[in-house]
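First to last, the protein sequences are chains A and B. Residues 1 to 641, numbered by the UniProt record's numbering, are exactly what the first sequence covers, in order. Residues 1 to 507, numbered by the UniProt record's numbering, are exactly what the second sequence covers, in order.
Mixed in with the good hints, there may be bad ones.
Take a look, some chain A residues computed to stay more than 10 Å from chain B by CB distance [what the hints assert, rightly or not]: (1) Glu82; (2) Val157; (3) Ala203; (4) Val404; (5) Val422.
Computed Cβ-Cβ distance ranges for the label pairs, DEER-style [to be verified]: (6) A/Ser17 x B/Leu468: 51 to 57 Å; (7) A/Pro290 x B/Thr56: 46 to 52 Å; (8) A/His511 x B/Pro282: 53 to 59 Å.
The set of hints was computed from the structure by calculation and includes no laboratory data. In this text, all values refer to a predicted model and were calculated from it rather than measured experimentally. Even for Gly, the Cβ is constructed at its ideal location relative to N, Cα and C.
These are the residues of each chain, in order.
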Amino acid sequence: MTAETGVYHAAEGAVLSNAWLLIALPALGAAILLLGGRRLDKWGHWLGVLMSWAAFAWGALLFFDLLGRSGEERAFQVHLFEWINAGTFSLDAGLLVDPLSIAFVLLVTFVGSLIHVYSVAYMEHDPDRRRFFAYLNLFVASMLLLVLADSYLLLFVGWEGVGLASYLLIGFWNHNPAYATAAKKAFIVNRVGDIGMALAIMAMFTAFGSVTFADVFAGAEAAGETKLTVIGLLLLVGACGKSAQFPLQSWLGDAMAGPTPVSALIHAATMVTAGVYLVVRSMPVYVGAPDAQLAVVIIGAITLTYGAIVGCAKDDIKKALAASTMSQIGYMMLAAGLGPVGAAFAIFHLLTHGFFKAGMFLGAGSVMHGMNDSVNMRTFGRLSGVMKVTWATFLLGWLAILGVPPFSGFWSKDKIIETAFVGDGWRPWVFGLAALLGAAVTAFYMSRLFFMTFHGKDKRWADDAHPHESPALMTIPMVILALGSAFLGLALGVTNALAHWLEPVLGHEEHHEPVLPIPVLMGATLVLVALGVLLAWRMYWNESVPQTAPRGSLLTRAARRDLFQDDVNEGLFMRPGQYLTRTLVFVDNRGVDGAVGGLAALIGGLGGRLRRVQTGLVRSYAASMLAGVVILLGGVLAVRL
Amino acid sequence: MDFPWLTVIGAVPLAGSALIAALPKALAPRARHLALGVSLITFVLTLVMAAQFELTRAGEIQFSEIHSWIGEFGVSYALGVNGIGLVMVALSTVLVPLCVLAAWNEIEPDRARLFFGLVLVLEAMMIGVFAARDLFLFYVFFEAMLIPVYFLIGAFGSSERRRYTAVKFLVYSLVGGLIMLVGVIGLYGSGPGGEQGFLIDNLTGLDFSSSTAERLMFVAFFIAFAIKAPMWPVHTWLPDATDEAPAGVSVLLVGVLDKVGTFGMLTLCLPLFPEASKWAAPVILALALVSVLYGALLAIGQTDLNRLIAYTSISHFGFIVLGIFAMTSTGQTGSTLYMVNHGFSTAALFLVAGMLIKRRGSADIDDYGGLQRSTPVLAAGFLLAGLSSLALPGMSSFVSEFMVLTGTFVKYPAVAVLATLGIVLAALYILLTYQRMFTGPIKEYAAGWKDASAREVWVIAPLVVVILFLGVYPKPVLDVINPAIATTMQQVGVTDPEPTVAEGENK
């Protein structure tokens, strides 16, 4: 059941050998937009849109190229150039075009391009729209590098590139100090994850003498379990940072400071799923390290629950969606930790989630657009009447994330729940139940969000709010994403096409029966989801929602504070850190300098010396130095004698 | 006889400074043009020389010149560079024109002759110290280098403390230098003596009578280099010096001059005292690790922009020393590349900082805020320089920092793990500063500010281009360094550890 690994063919044909264009086109777009200056303000955004679609077009060519070949013939290595050759470390820059990377390429470029289009209208009145598109292009280029790299180190470059783009875009309106803080926080927390990532790469080099996928995966078969476990756990730390998984989740909610298209693209559909990509890509490492796999599953289970609880308490529509994203990625992580079969479903859910969550974020942006940029759902209500397209697209996204058949989420999430119930001993029960209950809570908080915004007893709009539907440039991308939310799962799920597509990468694993019969699980899931919706209906549709949030239970209040994640980080790291730096600065100014100042005193006192230098008595100064040297020399000679 | 490239490259700036000194008062404002021209000629000459450097022999000394100087004492005038020396000479000659350009309007015309003359003298000394192949000659340059810096800080410092700072700098360096002198003489005594007794090649691979003597001499050299580099705990002169020095001088001081310390460790300490180097490595690694973390923590706590950059450099020097004494080819190659990259990224930081300080009239970080809106180009310059300083992948500094860490990890995983914490601290000191200076609402003080002028863009742009280019394609530099490091590894008598997992059949 090990994955077929390390068999990559040299790229052939113009489409494959020029796969680097995928990265180069958006990178070029970013460069032109940044260097071009104000004179590009008029049309620069269209250049950004064009570059993104061009990357999609090349991605589609690659996809059809691979499709025309047999399963084992679908992994190509595109050699670019000699990158680093330092001592024994030698690494070429190269790309890996295979079913997994192409699946990501299509998601990133397609959803990314739609969001580019949406942003043209959304950012229309922003004076820095050109810069915004430069960053979006930079993001697309980095993300494509991340998924196409053929070595861990090159992946790391893309990994940090998307982090940089995320930093720049969260802080896009950094004249607001809170937004600037949010941007910095995202970068710093990600850097904590990067420690794991960097150490994992070093450990790989130490063990295998190389950091390319091909060599690491080939070496993994011979390596002992301890080594693979260490590498697997370190990679998991990196994945936790990027994918906002517990305990490195705290940055995602604050990242909603960025313009909404950014939240949709980077912090919902693509970048935050990079951790899942990393784990799935590293499957040959995890297959040999069951403990590391278990850790992945545990992290996934904790995060899916954590995000779901937080999502129930947020009144900020974007933060509620962010909590939901965290939770859904928890599902993907959980699945990825379950081995090759789970990994295929993780990618499946990642793709459907990319569509429905991006769609809902764009919907939220459309609502904000119509509501004077308010994000407080307690000031919304009954918007379905005035924003019909937004409502309809959001409806499809809502049905998809709930897992209502036949919408997309049903196909991907139900599979994850089923797979979580596979296994022996306590694990299927704990992880399966977590996934199952998570589905119920998801149904509750998403319905709460949906009803509070679009339905309910009353309109709680602010006096100056005149909600209206958004322009076509915004609604068309929303409609396309909504269609994906509706049918993508059906298309890929019924035919099992995705699992087949990924099989050459992940390897084949026999189907195992869950501990409960599948129809029972499916029935239980649907019943729980229905209960969640019903509860939300009673609380937020059938009753009027107060404009100011009630005090709430202890759990509600904790969830509003994100279960005290910031308080914990502050208490454990920030405050002690500040204390440490302050103490060190004090000591450095007095202590260390003072101690070494003693050396100066030894020569005769710096102050007095200074005056004498100024009065021209440099000679006596030099003489005393010389005396010192003579003594030292004498000492050395004495020792040698 | 071959063309004496190194002598010429060193003599051009020296002649230039003499020319500047000879300028009549009326022409004093022209000093800067002259300095720029001379430093550009030097740079071009270096490029021409580098083009003739034979890559296949990069581990050996090339462009050798040997003349007897003081035969009775075994002192020769001997120059030459291997790959490591070449990149350091190149780094020096690239940065000087940019520093001249950065100081273009900073120096009052009547003092311009002194300033630019001293900068060119300093350049000549830097080339000399990196090219010297005679230990005594090295020592002479090592000490002579202090003189122009002493005057540059003492005469052009920004506050009343400049004299104190200049003397502090001098005292620290002289103490280090004199301790080294003891080692130099001691080593000569252990060598073959004769007319060329100070030639480094004649002192390499000596059979020391006692390991104590070797160790003492090693320590004498190492202390001098540790002060120069500066490492914790002998680092405190550096923040003071950068606090006072004009931006261009800080660049040369931290970007090039301090590298003499790490350059000396790599090209003198290791080959001259191989056994002692291995003996001292654990202690030095510990000191380097402390420097990495201590420098970064102190940087986070700084309120003054120049001092902050100085502390980041202390952290970076820690990385460089770490890579050298990890005794792996990857670590040492990484360290050498780090010396080059650090030169560029720190130069960019100091120069942008200088432009801001010039406008604001203060180096206090809290006096800034909201500048991203008023001066977007300067903000972008600072952010790029900062990202390079925090070793963002894609930038040149990432390659070197990662190689240092990897080269350390294969032998000392625990040390590497702790040093890797530095990457979070680096993100903190850069991004906190960026946040404090550039984000937030537009403030009144910056109302009349002009964004970067064409001259300022020309100062920063070449650095950014190099940083990005070497991040993507460091091969030209690495190709020069690798063979030289291989030679060093041989001289020290260490080998790289093999991968711990035997690779199965290749693919």
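Results of checking the hints against the structure:
Not every CB of chain B is more than 10 Å from the CB of glutamate 82 of chain A (nearest about 6 Å), against its label as outside the interface. With a least beta-carbon separation of about 4 Å from chain B, valine 157 of chain A fails to lie farther than 10 Å from that chain, contradicting its non-interface assignment. With a least CB separation of 7 Å from chain B, alanine 203 of chain A falls inside the 10 Å interface cut-off, contrary to its annotation. A cut-off of 10 Å between C-beta atoms confirms that valine 404 of chain A is not in contact with chain B; the least separation is 42 Å.
Against the 10 Å criterion, valine 422 of chain A stays outside the reach of chain B, whose nearest CB is about 31 Å from its own CB. The beta-carbon spacing between serine 17 of chain A and leucine 468 of chain B, approximately 25 Å, falls outside the hinted interval of 51 to 57 Å. For the pair proline 290 of chain A and threonine 56 of chain B, the supplied restraint of 46 to 52 Å holds, since their beta-carbon distance comes to about 50 Å. Roughly 55 Å separates the CB atoms of histidine 511 of chain A and proline 282 of chain B, a value that falls within the hinted 53 to 59 Å.
Checked against the numbered hints given earlier, this structure breaks hints 1, 2, 3 and 6; the rest are met.
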